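Chains as they are written, first to last, in our numbering: chain A, 1 to 268; chain B, 1 to 363.
Keep in mind the hints are simulated off the structure, nothing from the lab. Be aware that one or more of the hints could be misleading.
To be verified - Here are the computed distance ranges between Cβ atoms for each label pair:
| no. | chain 1 | residue 1 | chain 2 | residue 2 | range |
| --- | --- | --- | --- | --- | --- |
| 1 | A | Lys264 | B | Glu175 | 49 to 59 angstroms |
| 2 | A | Leu98 | B | Asp25 | 30 to 40 angstroms |
| 3 | B | Asp70 | A | Met108 | 30 to 40 angstroms |
| 4 | B | Phe65 | A | Pro186 | 47 to 57 angstroms |
| 5 | B | Gly140 | A | Leu7 | 15 to 25 angstroms |
Claimed, not checked - No farther apart than 30 angstroms at their CA atoms in a straight line, the calculated lysine-lysine pairs in the DSS-like style are these:
| no. | chain 1 | residue 1 | chain 2 | residue 2 |
| --- | --- | --- | --- | --- |
| 6 | B | Lys11 | A | Lys264 |
| 7 | B | Lys157 | B | Lys132 |
| 8 | A | Lys264 | B | Lys134 |
Fair warning: this is a prediction, and the values are worked out from it, not measured in the lab. Backbone N, C-alpha and C define an ideal beta-carbon position, used for all residues, glycine too.
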Amino acid sequence: MSKLRWLQITVLLLGFAFLYIPMISLIVYSFNESRLVTVWAGFSTKWYSELMDNRQLLGAAWLSIKIGFLNACLSVILGTLAAIVLVRFRRSRMRKPLDVMVAAPLVMPDIIIGLSLLLLFVSLENLMGWPERGQLTVILAHSTFSMAYVTVVVRSRLVSMDRSLEEAAMDLGARPLWVFFTVTLPIIAPSLVAGWLLAFTLSMDDLVVASFVSGPGATTLPMMVYSSVRLGVSPQINALASIIILVVSVAVLIAGILMYRQEKRLRH
Amino acid sequence: MVAESPIVQIKQVSKNFDAVYAVDDISLDIYRGEFFSLLGASGCGKTTLLRILAGFEQPSSGRIFIDGQDMTDVPAYARPVNMMFQSYALFPHMNVADNIAYGLKRDGMGKAERAERVQEMMALVKIAAYAKRKPHQLSGGQRQRVALARALAKQPKILLLDEPLGALDKKLREETQFELVNLQERLKTTFIVVTHDQEEAMTMSSRIALMHAGRIEQLDTPRRIYEFPATRYAAGFIGSANLLHAHVVSQEDELVTLRSEALEREFVVHHGQPLAPNMDVSIIVRPEKIQVGPANDAPNKVEGVIKEIAYLGDVSIYHAEIAPGVRIKFTQSNVLPLAEQPLSWEQEVRLSWSPYSCGILSQ
Numbered sequence: 001m002s003k004l005r006w007l008q009i010t011v012l013l014l015g016f017a018f019l020y021i022p023m024i025s026l027i028v029y030s031f032n033e034s035r036l037v038t039v040w041a042g043f044s045t046k047w048y049s050e051l052m053d054n055r056q057l058l059g060a061a062w063l064s065i066k067i068g069f070l071n072a073c074l075s076v077i078l079g080t081l082a083a084i085v086l087v088r089f090r091r092s093r094m095r096k097p098l099d100v101m102v103a104a105p106l107v108m109p110d111i112i113i114g115l116s117l118l119l120l121f122v123s124l125e126n127l128m129g130w131p132e133r134g135q136l137t138v139i140l141a142h143s144t145f146s147m148a149y150v151t152v153v154v155r156s157r158l159v160s161m162d163r164s165l166e167e168a169a170m171d172l173g174a175r176p177l178w179v180f181f182t183v184t185l186p187i188i189a190p191s192l193v194a195g196w197l198l199a200f201t202l203s204m205d206d207l208v209v210a211s212f213v214s215g216p217g218a219t220t221l222p223m224m225v226y227s228s229v230r231l232g233v234s235p236q237i238n239a240l241a242s243i244i245i246l247v248v249s250v251a252v253l254i255a256g257i258l259m260y261r262q263e264k265r266l267r268h
Numbered sequence: 001m002v003a004e005s006p007i008v009q010i011k012q013v014s015k016n017f018d019a020v021y022a023v024d025d026i027s028l029d030i031y032r033g034e035f036f037s038l039l040g041a042s043g044c045g046k047t048t049l050l051r052i053l054a055g056f057e058q059p060s061s062g063r064i065f066i067d068g069q070d071m072t073d074v075p076a077y078a079r080p081v082n083m084m085f086q087s088y089a090l091f092p093h094m095n096v097a098d099n100i101a102y103g104l105k106r107d108g109m110g111k112a113e114r115a116e117r118v119q120e121m122m123a124l125v126k127i128a129a130y131a132k133r134k135p136h137q138l139s140g141g142q143r144q145r146v147a148l149a150r151a152l153a154k155q156p157k158i159l160l161l162d163e164p165l166g167a168l169d170k171k172l173r174e175e176t177q178f179e180l181v182n183l184q185e186r187l188k189t190t191f192i193v194v195t196h197d198q199e200e201a202m203t204m205s206s207r208i209a210l211m212h213a214g215r216i217e218q219l220d221t222p223r224r225i226y227e228f229p230a231t232r233y234a235a236g237f238i239g240s241a242n243l244l245h246a247h248v249v250s251q252e253d254e255l256v257t258l259r260s261e262a263l264e265r266e267f268v269v270h271h272g273q274p275l276a277p278n279m280d281v282s283i284i285v286r287p288e289k290i291q292v293g294p295a296n297d298a299p300n301k302v303e304g305v306i307k308e309i310a311y312l313g314d315v316s317i318y319h320a321e322i323a324p325g326v327r328i329k330f331t332q333s334n335v336l337p338l339a340e341q342p343l344s345w346e347q348e349v350r351l352s353w354s355p356y357s358c359g360i361l362s363q
């Protein structure tokens, strides 16, 4: 093997190491006996069993999953509708302004989204007593930016889809709504899955916006972790993170396999 | 083949995209059981006209009648026509049988009857062996057959075909041309084909509408379009043609005498319509109608020097200069082996043609 080839492999390994060593060390230290995260004192699973008793942390994790799930579903529905309007209704006069407006949440700093939504929710609550800040407001806030990401993902798929497929279905007697459910939707499905996962991840990950719009009753996992870190990191968080990494890896693997299969089917 | 009442009536249909007219005031009747071709170069409006018939485009003005009923405002899914798309538009997530059954399910056809029809269609286009395959597992030719079967499954009154053979290679295309014609004759369905390939239109059609710039340039049988092109564009688009500039000298019965100043000689052409004396026209002579060698009794004679030879295998095309700057094309079947060809470069030849194998174009 030439020197150049060795260089390539080394650079590749270094790159991967940079990405994955932090995660691996996090998992390794979740099995640490010691209470100090940086000192190895032998193997133990005690943080996992302590985690199972930590109602507060588990509750926050469960809330985050719930919010992530509902946010992802809402974002996929809204984002897909927006993508269809942007791609299919070319002659609509609303298209250009919509195009720009959809991209805005992608580049808007979280802190501004959070603050403006907080102001909106507060004034709405003063005006009509709804919505009470908590789980619902976090979901609404997350879907405002998540749906923009979904729109971008779904739109690129729709653009590359052969328009004559829909025309063929209509030509064979299918009404527009039926065409959408039997032809368009199955073909763009991989992008919906990708968009759903993206929206879920964005929601699970978000600290800033949630801190603004959440109420006293609803503390998401990132909020909980962040506030507990200030008091010193408990290895329970390592344990929880390891579990999340495991779940996410499995989910991504399954989604990847499904999408790979679909892609293979669609490729001519 | 042409029956009494038109199945499609296109009445003064125009379609404009802003200031550009894709279809410009076209009126056209197509009869039951016809194999009708819309022929033209790309951008001539033939596809737009087909899409108006299918219901994917709304005409800017004019009406469309199908089987006597006004279909102009009827949406695509409610029209008794089906279309075979240029890209075939097979649903990638369904297998062959499901693709063919798609339209039947929408009609509320029973399961048993549906399965039977799908079998019948697959047998018709000889793809029964691939029923469970997905489109991406098929070759181009097989996909074309699936698209055809799917479009025919609902037994439409009219089948629209958008460049049906465009994506096939040359050999397969020639075979499929004849299969399409046989299929059409068996089913008696009216076929309307859009194509840019004049050879394809010539082989398959009962009538051809030659389109140019949104209008119909000429509407006739393939034979008449070739033998008697109505305009210079038609003469140039279908087959190859020599156009000689001349003016009318006299007309006796149906034989017209013309004079070409550039060639300094007179020609005699058979022409049915009366022409004004001194009118400027073009004489059209197809390359294969020109005879080589001494033909003393023929009224149309020219002498020239061979300047170019294109050997195509079965025939050769020769370009002869018959006056400074005026060239004429003629073809010869390659009956003799190449080494014994009597014609070569810079050779002087005498060319002639009959008054009945040429024509006059006034526009």
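Please write out, lowest number first, the hints stated earlier that are contradicted by the structure.
1, 3, 4, 5, 6
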